[in-house]
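Those protein sequences? They're chains A and B, same order as listed. When we follow my numbering, the leftmost residue of the first sequence carries the number 1, and every step to the right adds one. When we follow my numbering, the leftmost residue of the second sequence carries the number 1, and every step to the right adds one.
Each hint should be verified, as a subset may be incorrect.
Which copy is meant is left open, so a pair is good if it fits within one copy or across any two.
[Claimed, not checked] In silico lysine to any residue, SDA-like type, Cα no more than 25 Å apart, as pairs: (1) Lys301 x Ile252; (2) Lys33 x Ala165; (3) Lys124 x Gln113; (4) Lys301 x Pro51; (5) Lys33 x Lys301; (6) Lys301 x Gly54; (7) Lys124 x Val109; (8) Lys124 x Gly72; (9) Lys33 x Ala240; (10) Lys301 x Cys200; (11) Lys124 x Gln114; (12) Lys33 x Met164; (13) Lys301 x Gln142; (14) Lys33 x Glu330.
If you are wondering where the hints come from, they were derived from the structure by calculation, not from laboratory data.
Protein chains: 2
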Amino acid sequence: MIYCNEPLATHITLAHGNGGHYMRQLIEQLFAKHLSNPILDIAADAAILPPISGVPLITVDGFTVEPLVFPGGDIGSLAVHGSVNDLAVAGAKARYLSLAAIIEEGMPVALLQQVIASLAATAKAAEVQVVCGDTKVVPRGQGSTLYLTTTAIGERVCEQPLGMARIQAGDAILVSGPVGDHGAAVMLAREQFGLSGELCSDAANVFPLCEAMYELPGIRFLRDPTRGGLATVMHEIQQATGLGIRLQQQAIPLNAQVQVLCEMLGYDPYYLACEGRVVAVVDQAQADAALARWQTLPQGKDAAIIGRMTQNAAEVVLQTELGGERLLPELEDEPLPRIC
Amino acid sequence: MIYCNEPLATHITLAHGNGGHYMRQLIEQLFAKHLSNPILDIAADAAILPPISGVPLITVDGFTVEPLVFPGGDIGSLAVHGSVNDLAVAGAKARYLSLAAIIEEGMPVALLQQVIASLAATAKAAEVQVVCGDTKVVPRGQGSTLYLTTTAIGERVCEQPLGMARIQAGDAILVSGPVGDHGAAVMLAREQFGLSGELCSDAANVFPLCEAMYELPGIRFLRDPTRGGLATVMHEIQQATGLGIRLQQQAIPLNAQVQVLCEMLGYDPYYLACEGRVVAVVDQAQADAALARWQTLPQGKDAAIIGRMTQNAAEVVLQTELGGERLLPELEDEPLPRIC
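One chain only, chain A, in its complex shape (with noise of 0.2 Å):
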């Protein structure tokens, strides 16, 4: 720490961003503080990655949500969770991030100081260590405060495969709780539609949901349905697959503020993201195993089984409460607001 005497500036300037005596002092003031570890070398041009015990895997997500912080999150959690579940639901736990920054000219510190933070606490309670990272500052209407990038790498400790290669008809579809609940609280800290209410985002890690499945005989596929929500992943398998989908509409968990936003705007909760769910495939004959992994978990306490691939139509049926049927059509130019 070379620059410690010295108080960093309340706002970003470009000068934070040129690579010379002010850059240095945010990433030595801000982000070495919060992020420091024995691999991170700030002086350095590359780290060394530790040794993967196993079939080591990877996944990149950039992060764009507005507003930077949300009931139940910030883009700081966010980024960490965002990493870590791609990777969980593809059957492995992280254990290293890198971490880059694209700032806006502007920013207040004390908000920068607020989300990494917040992306330093999140990483060691999910175990994760940041091992590199870049910052980049992007003049003032070229950005919105503060965009964030994380590749993380981890190892697979699934050892069942995974894919929806290996979905078949009859498979039961369960969710791990409520859809929708962090698209809709994004929403509504973003567009000040004067409601007020607890709507809180699910962000959360969801490896232990995801390791509650690992062992499960007759897993066949796991996704947590961010962008696009829930109807955007049943559109995916069927896709892939060829098979029909067939949803119990009075089944899927659904908070009931959800259920009321989306009624005023006219928002379809199938297709708001989630951050803390997990849909998951699973052999019919080991449909009720599966929900009781899940229930005894404290996530994945209004999980449930929500439906079922069928051999016939190749489309996503949605069986309302009322005994009729819709589709759900795949996603195609809703403008929903940016969530991730």
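Position chain B against the provided structure of chain A, taking the given hints into account.
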């Protein structure tokens, strides 16, 4: 390929980022088309990272260069070279990349095709594979057409330790070619001074230059002088070692066009970024051998010994052509254009 019969739109819309139909079409028809390889699976959440022989190294870099296309390169080629080079100066050969794109609504799809095709060709030439990717679309006015982030993972091939901690008084400082070409070329391309010329970015893969040094006895440290240029690398070394640095102005290679441009605009070329040069610090006894190694390579034909580490004064001194001296101060808030 599911959507191959449906033509892509001419411009990026928010729907290309919403997780649904148009996003999949963009990924399949544009990103996967150029970047396809056996590891990249656009339908999966994560990819298996193939085994790395030897010690794995990791680095991350964000790219916000404006304009996206400049003489000698574009954001796509830069996004490969930037991360590949960070590994090269750390003694490693890059093998795998993750890629995240933050695209501004309204970006011409043809321009995105152009830079992703360039990225793919650059990756192929550098023998690296893109193993996972992510795209986000932000509303018009909240980006700068395109930002990219790459994380590179590679294997250490330099058996000697490299690092600032190994630098000693008396060591020689070399640079592999003229400095400031990239910064000057991007500035010219961006600012539309009405100047025309043949000024071209030096952006390139510096692995061959670095590899030439890996087996040199007495190699201490390698660094690519990107943001903040040669002077900033000198300051980082000076501050990390506590030693002084004495550079010979007439020894530092400089293209005449860069010199003229800097004189006209009042920039100091030693602070302008390079994207294809390497600074090496070597044992004084090996300086000539190091120079000879570089000068046999096309990329190193203008390499030079430009100065030395000194015991006495903890400052960076430039001996001018007329026999005088001036201090090269640490870069503070000079507003340089975004060059990487």
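Results for each hint:
For the homomeric pair Lys301 and Ile252, the shortest alpha-carbon distance inside one copy (13 Å) is at most 25 Å, but the shortest distance between copies (67 Å) is not. In this assembly of identical chains, the alpha carbons of Lys33 and Ala165 lie at most 25 Å apart only when taken from different copies (22 Å versus 45 Å within one copy). Taking CA atoms no more than 25 Å apart as the test, Lys124 paired with Gln113 passes inside one copy only; the shortest distance there is 16 Å, against 39 Å between copies. Proximity of Lys301 and Pro51 under a CA criterion of 25 Å is satisfied in neither setting, with 36 Å inside one chain copy and 39 Å between copies.
In this homomeric assembly, Lys33 and Lys301 never come within 25 Å of each other (Cα to Cα): the closest approach is 37 Å inside a single copy and 42 Å across copies. Proximity of Lys301 and Gly54 under a CA criterion of 25 Å is satisfied in neither setting, with 31 Å inside one chain copy and 45 Å between copies. Taking the closest pair of Cα atoms, Lys124 and Val109 come within 25 Å of each other only inside a single copy of the chain (22 Å); across copies the shortest separation is 40 Å, beyond that limit. Only within a single protomer do Lys124 and Gly72 lie at most 25 Å apart by alpha-carbon distance; the minimum there is 17 Å, versus 42 Å between protomers.
Taking CA atoms no more than 25 Å apart as the test, Lys33 paired with Ala240 passes between copies only; the shortest distance there is 18 Å, against 45 Å inside one copy. Taking the closest pair of Cα atoms, Lys301 and Cys200 come within 25 Å of each other only inside a single copy of the chain (17 Å); across copies the shortest separation is 61 Å, beyond that limit. In the homo-oligomer, the alpha carbons of Lys124 and Gln114 lie at most 25 Å apart inside one protomer (15 Å), although the nearest pairing across protomers, at 40 Å, exceeds that limit. For the homomeric pair Lys33 and Met164, the shortest alpha-carbon distance between copies (22 Å) is at most 25 Å, but the shortest distance inside one copy (42 Å) is not.
Taking identical chains as interchangeable, the C-alpha atoms of Lys301 and Gln142 are never at most 25 Å apart, the minima being 43 Å within one chain and 39 Å between chains. When the C-alpha separation of Lys33 and Glu330 is checked against a cutoff of 25 Å, the pair qualifies only between copies, where the shortest distance is 23 Å, while the shortest distance within a copy is 45 Å.
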